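Visitor: Sequences listed follow chains A and B, in order. According to my numbering, the first sequence holds residues 1 to 383 in order. According to my numbering, the second sequence holds residues 1 to 383 in order.
Honestly, the hints are just simulated from the structure, not real lab data. Heads up, some of the hints might be wrong.
One copy or two, either will do: identical chains are not told apart, so a pair holds if it fits within one copy or between any two.
[Stated by the list, open to error] Heads up, simulated SDA-like pairs for lysine to any residue below, C-alpha to C-alpha not over 25 Å straight-line:
1. Lys241 x Gly327
2. Lys357 x Ser256
3. Lys60 x Ala319
4. Lys357 x Glu81
5. Lys357 x Glu377
6. Lys357 x Ala315
7. Lys19 x Gly79
8. Lys357 x Gly271
9. Lys19 x Gly160
10. Lys60 x Val156
11. Lys241 x Leu7
12. Lys357 x Gly98
13. Lys60 x Pro318
14. Lys357 x Glu249
15. Lys241 x Pro192
16. Lys19 x Gly335
17. Lys60 x Asp196
18. Lys241 x Ala100
19. Lys241 x Asp276
20. Lys357 x Met114
Since we're looking at a predicted model, the values are computed, not measured.
There are 2 protein chains.
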Amino acid sequence: MSVTAPLGFRAAGVPAGLKTSGDPDVAVVVNDGPQASAAAVFTSNRCKANPVLWSEQAIKSGTARVLVVNSGGANCYTGPEGFATTHRTAELAADLLGVAPIEVQVASTGLIGMLNDREALLSGVRAAVAALDGDGGPAAARAIMTTDTRPKEAVVDGAGYTIGAMAKGAGMLAPSLATMIVVLTTDAVLTPEQCDTVLRHATSRSFDRLDSDGCQSTNDTVLLMASGASGVEPCVDELSKQLEALCREVALQLLSDAEGADHDIAIDVCGAASEDDALEVGRAVSRSALFKTAIYGRDPNWGRILASVGTTQAAFDPADLDVAINGVWVCRESGPGEPRERVDLTSRAVTVTIDLKAGDAAATIWTNDLTQAYVHENSAYSS
Amino acid sequence: MSVTAPLGFRAAGVPAGLKTSGDPDVAVVVNDGPQASAAAVFTSNRCKANPVLWSEQAIKSGTARVLVVNSGGANCYTGPEGFATTHRTAELAADLLGVAPIEVQVASTGLIGMLNDREALLSGVRAAVAALDGDGGPAAARAIMTTDTRPKEAVVDGAGYTIGAMAKGAGMLAPSLATMIVVLTTDAVLTPEQCDTVLRHATSRSFDRLDSDGCQSTNDTVLLMASGASGVEPCVDELSKQLEALCREVALQLLSDAEGADHDIAIDVCGAASEDDALEVGRAVSRSALFKTAIYGRDPNWGRILASVGTTQAAFDPADLDVAINGVWVCRESGPGEPRERVDLTSRAVTVTIDLKAGDAAATIWTNDLTQAYVHENSAYSS
Numbered sequence: 001m002s003v004t005a006p007l008g009f010r011a012a013g014v015p016a017g018l019k020t021s022g023d024p025d026v027a028v029v030v031n032d033g034p035q036a037s038a039a040a041v042f043t044s045n046r047c048k049a050n051p052v053l054w055s056e057q058a059i060k061s062g063t064a065r066v067l068v069v070n071s072g073g074a075n076c077y078t079g080p081e082g083f084a085t086t087h088r089t090a091e092l093a094a095d096l097l098g099v100a101p102i103e104v105q106v107a108s109t110g111l112i113g114m115l116n117d118r119e120a121l122l123s124g125v126r127a128a129v130a131a132l133d134g135d136g137g138p139a140a141a142r143a144i145m146t147t148d149t150r151p152k153e154a155v156v157d158g159a160g161y162t163i164g165a166m167a168k169g170a171g172m173l174a175p176s177l178a179t180m181i182v183v184l185t186t187d188a189v190l191t192p193e194q195c196d197t198v199l200r201h202a203t204s205r206s207f208d209r210l211d212s213d214g215c216q217s218t219n220d221t222v223l224l225m226a227s228g229a230s231g232v233e234p235c236v237d238e239l240s241k242q243l244e245a246l247c248r249e250v251a252l253q254l255l256s257d258a259e260g261a262d263h264d265i266a267i268d269v270c271g272a273a274s275e276d277d278a279l280e281v282g283r284a285v286s287r288s289a290l291f292k293t294a295i296y297g298r299d300p301n302w303g304r305i306l307a308s309v310g311t312t313q314a315a316f317d318p319a320d321l322d323v324a325i326n327g328v329w330v331c332r333e334s335g336p337g338e339p340r341e342r343v344d345l346t347s348r349a350v351t352v353t354i355d356l357k358a359g360d361a362a363a364t365i366w367t368n369d370l371t372q373a374y375v376h377e378n379s380a381y382s383s
Numbered sequence: 001m002s003v004t005a006p007l008g009f010r011a012a013g014v015p016a017g018l019k020t021s022g023d024p025d026v027a028v029v030v031n032d033g034p035q036a037s038a039a040a041v042f043t044s045n046r047c048k049a050n051p052v053l054w055s056e057q058a059i060k061s062g063t064a065r066v067l068v069v070n071s072g073g074a075n076c077y078t079g080p081e082g083f084a085t086t087h088r089t090a091e092l093a094a095d096l097l098g099v100a101p102i103e104v105q106v107a108s109t110g111l112i113g114m115l116n117d118r119e120a121l122l123s124g125v126r127a128a129v130a131a132l133d134g135d136g137g138p139a140a141a142r143a144i145m146t147t148d149t150r151p152k153e154a155v156v157d158g159a160g161y162t163i164g165a166m167a168k169g170a171g172m173l174a175p176s177l178a179t180m181i182v183v184l185t186t187d188a189v190l191t192p193e194q195c196d197t198v199l200r201h202a203t204s205r206s207f208d209r210l211d212s213d214g215c216q217s218t219n220d221t222v223l224l225m226a227s228g229a230s231g232v233e234p235c236v237d238e239l240s241k242q243l244e245a246l247c248r249e250v251a252l253q254l255l256s257d258a259e260g261a262d263h264d265i266a267i268d269v270c271g272a273a274s275e276d277d278a279l280e281v282g283r284a285v286s287r288s289a290l291f292k293t294a295i296y297g298r299d300p301n302w303g304r305i306l307a308s309v310g311t312t313q314a315a316f317d318p319a320d321l322d323v324a325i326n327g328v329w330v331c332r333e334s335g336p337g338e339p340r341e342r343v344d345l346t347s348r349a350v351t352v353t354i355d356l357k358a359g360d361a362a363a364t365i366w367t368n369d370l371t372q373a374y375v376h377e378n379s380a381y382s383s
C-alpha cells in the first residue's frame, strides 16, 4: 500500500509516453487532509534539476497537497524551457485538484540534459488525477521507477497512526542524497515544523549514509506529507524513531537494487572520537574503487581499507587500527591478524568493522561493491 | 638511460626472488657525487608504509647518496618487523657503499599487508651493489615495475647539465601522489634547499594533478638526487621549468599505462576564479564513476560532468556553464549545445573542457576512464 497506507491519501500511476517502453511514468499523490503539513530535503548538488528548483521554493510554505512525479526524463540542464514545463505541471495539477500551485511539489527522474515532452507529461497528469485512488500507492510506486528492477515500498504502524513510503533509485546513490525520490506519508497530526525536524533527523541517519557509487544526483528529493487524518497527535520522539527506521529500511531497499552490484556492504566504524570521525572514515572507505573491486573479487583486502582510512583527518593512531571483515579480525594493530582465508565473502551481505580505538562513537555507512556489471550498465546506456 | 643519464650516477636492477615471477625486483641507485643534495616528497596518506616512515626521517638531512627500491612487496602494515627490514636494508647498503645509513633512501612497492623476505631482499641489495654500472638506469627502471606493462624513463638536457627520471605506477594514481615511485637525478649543482623547492613545484603541477582512480597509496615517493658532477650551477628557474616538464612527461607515461584504462582524459578547467577552484572542479569530475564509465562507453554525457561540477564549492553560476568534449561544445549555458553526435570518442586521448565563466584561472587534471578491465584487474588479483 505504501504511500496510500495512511488515511487521507490517494495516488495513481499511469503511462504518458515519456518512457519509450510504454511503462507507467507519471505518478500523482494527493493529500486530502484535513491537514497538509509537509517538509522536504533536496540534493545539495549546486547544479539542480528544474523540478528541484521549483519544489525547494514551494515547500517553504510548509504545505504540500499534491505531488507529481515523472520518470522518463529528469528535466535537468534544460534551461528556462525546462523550468516552464515544471511550472506548467504544477499549475495544471493545482487547477485539476483545486489547490494553489505553490501547494504542488514536482519531482522528475530519468535522463538528464533532455527536455521532456511537455504535452505528454501534462496529459499524464490529467490521466493520473482521473485515476486517483485510495489504493493507488503501488501503481504510483511503479510509475516512478527508472533503472530500478523492482518498486520500493514500506509501511510502519505507529500508535494510532501509520507512515507509508515509496522510493526509486538504483545508482548515483551518494551522501546528501542520491538519485532517489522518496515519498513519505503519514496520517499523524504534525505541524510543518515537526515534519521538518523528524524528516531531517531521519534522512541524516539513513539516506545520507548511503554511498553506492560516490555520485551525487541533481534531482534527489525526499518529501514528507502529513494529512492528520488519523486525528492522533503522536509522541514526536517515537514517530521520529519510527520514521528513521522506515527510512533506513527504504535506504537498504535502494542499496540492494543498486545497478550491477553483487554485494551490499555495511561499513561499521567504531571506537571513534566522534560520530563525525566515524562518518568520515566510513565514507572514505565507501569511496575506494580498490576496496570495492576487492569485495567484488571476494578478496578480504584489509590493506586497501587501511589505505582509505589513512586519507582521513579522523583521530586514530596509524599503527594501531583493527579491521574485521564479516567478523574475522584480519587486521590487528595495523598489521596482519587472523588468517584472511577464514573470511567468507560468498553472501551478498558484507560487514566491515573498523575500530579506530580513539573513543566511543560509532556510525555505519552502506555501500556496494564495484563490479563489471556496474561499468557495463553505466557505459552502455546513457542516464 | 634514465637515472644514469646525468654524470655521477650508477644503478643496477637484479632479481632477488621477491617476485614469484623471478623478474628483477631490487634496484639500487648511487650518487657518486661530488655532491649529494637531495629532496623528496612522500604520500600524504597517514597510514604510511615502513620505507616511507624511514625515508621521511632520513631525507631531513638534505642528503641522499644511495636509493634502494624493491618491488614484490610494499612492506606496508607490517609493523615493527617490517620497519626493521627497512632499517636493515639501509644499514647494509650503507656498509657496502661506505656511507651513513641516514644517507640511504629506501622505497618499496607491491602487495601491502605482507612481510618481505628479509634475507632475499638483503641478498638482492648485495647483488645490485655488485652490479652497479654507469649504464644501469634501464635495468633499475625494469626492477621497480609491478603491474606496469613497460618501464617508464625520461631524460631532459639542460644548459650543461642533464636530468634523468625513472618511475613505476599503474594504478592507485591519485593526487598527493599515487602508488608511484619516481626517481629524478641531475648532475647540476644544487643545494638541498634548491632541490626541495624545484621538486615541490614540479610535483604539485604534475603528479599531484594525476587522478587515475581516486585511491591514494601508502608508499608514494618522489626523490630528487643532485650529484653536481657537471660542475654547472644552473639557472634555477630554468631547471625548475625543465623538471616540471619532465615530471609531466613521466606522469603521462604513468597515466597511459594505468590498469585497464581505455582512455587518457585531460580535464581542462578554464574561466575559473582561482587555480584552486579549477583544480577542485577538475578533481571532482575525475572522481565521478559515472563520468568515467560514460567515456569508456564513448558516450559524451555532459550531464554527468555538470552533476560533478555541482558538488564543488568553486565560483560559478549553475545556470551558465559551458562544456566541450574533444572540442565540441555539447553543453552551452548549462543546457544542450552542439549535437553530441559530433563528438568522436574512439581515440585514446580525450579532452574535456569546462568553462566556469568566473575568471581567468585554469588548470588541468588527468585521469582515466573506468572500464570492465579495471574492475577485473583489481578484483581478480590482490595488490
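Visitor: It remains to establish, for every hint, whether it holds in the given structure.
Guide: How the hints compare with the structure:
no., hint, verdict
1, Lys241 x Gly327, "neither (28 Å within a copy, 52 Å between copies)"
2, Lys357 x Ser256, "neither (31 Å within a copy, 40 Å between copies)"
3, Lys60 x Ala319, "between (50 Å within a copy, 22 Å between copies)"
4, Lys357 x Glu81, "between (54 Å within a copy, 22 Å between copies)"
5, Lys357 x Glu377, "neither (40 Å within a copy, 33 Å between copies)"
6, Lys357 x Ala315, "within (9 Å within a copy, 39 Å between copies)"
7, Lys19 x Gly79, "within (21 Å within a copy, 57 Å between copies)"
8, Lys357 x Gly271, "within (5 Å within a copy, 45 Å between copies)"
9, Lys19 x Gly160, "neither (39 Å within a copy, 68 Å between copies)"
10, Lys60 x Val156, "neither (27 Å within a copy, 62 Å between copies)"
11, Lys241 x Leu7, "within (20 Å within a copy, 72 Å between copies)"
12, Lys357 x Gly98, "neither (59 Å within a copy, 44 Å between copies)"
13, Lys60 x Pro318, "between (46 Å within a copy, 21 Å between copies)"
14, Lys357 x Glu249, "neither (29 Å within a copy, 43 Å between copies)"
15, Lys241 x Pro192, "within (18 Å within a copy, 61 Å between copies)"
16, Lys19 x Gly335, "between (53 Å within a copy, 21 Å between copies)"
17, Lys60 x Asp196, "within (11 Å within a copy, 55 Å between copies)"
18, Lys241 x Ala100, "neither (32 Å within a copy, 64 Å between copies)"
19, Lys241 x Asp276, "within (20 Å within a copy, 42 Å between copies)"
20, Lys357 x Met114, "between (50 Å within a copy, 23 Å between copies)"
In this structure, the hints that do not hold are numbers 1, 2, 5, 9, 10, 12, 14 and 18, in rising order.
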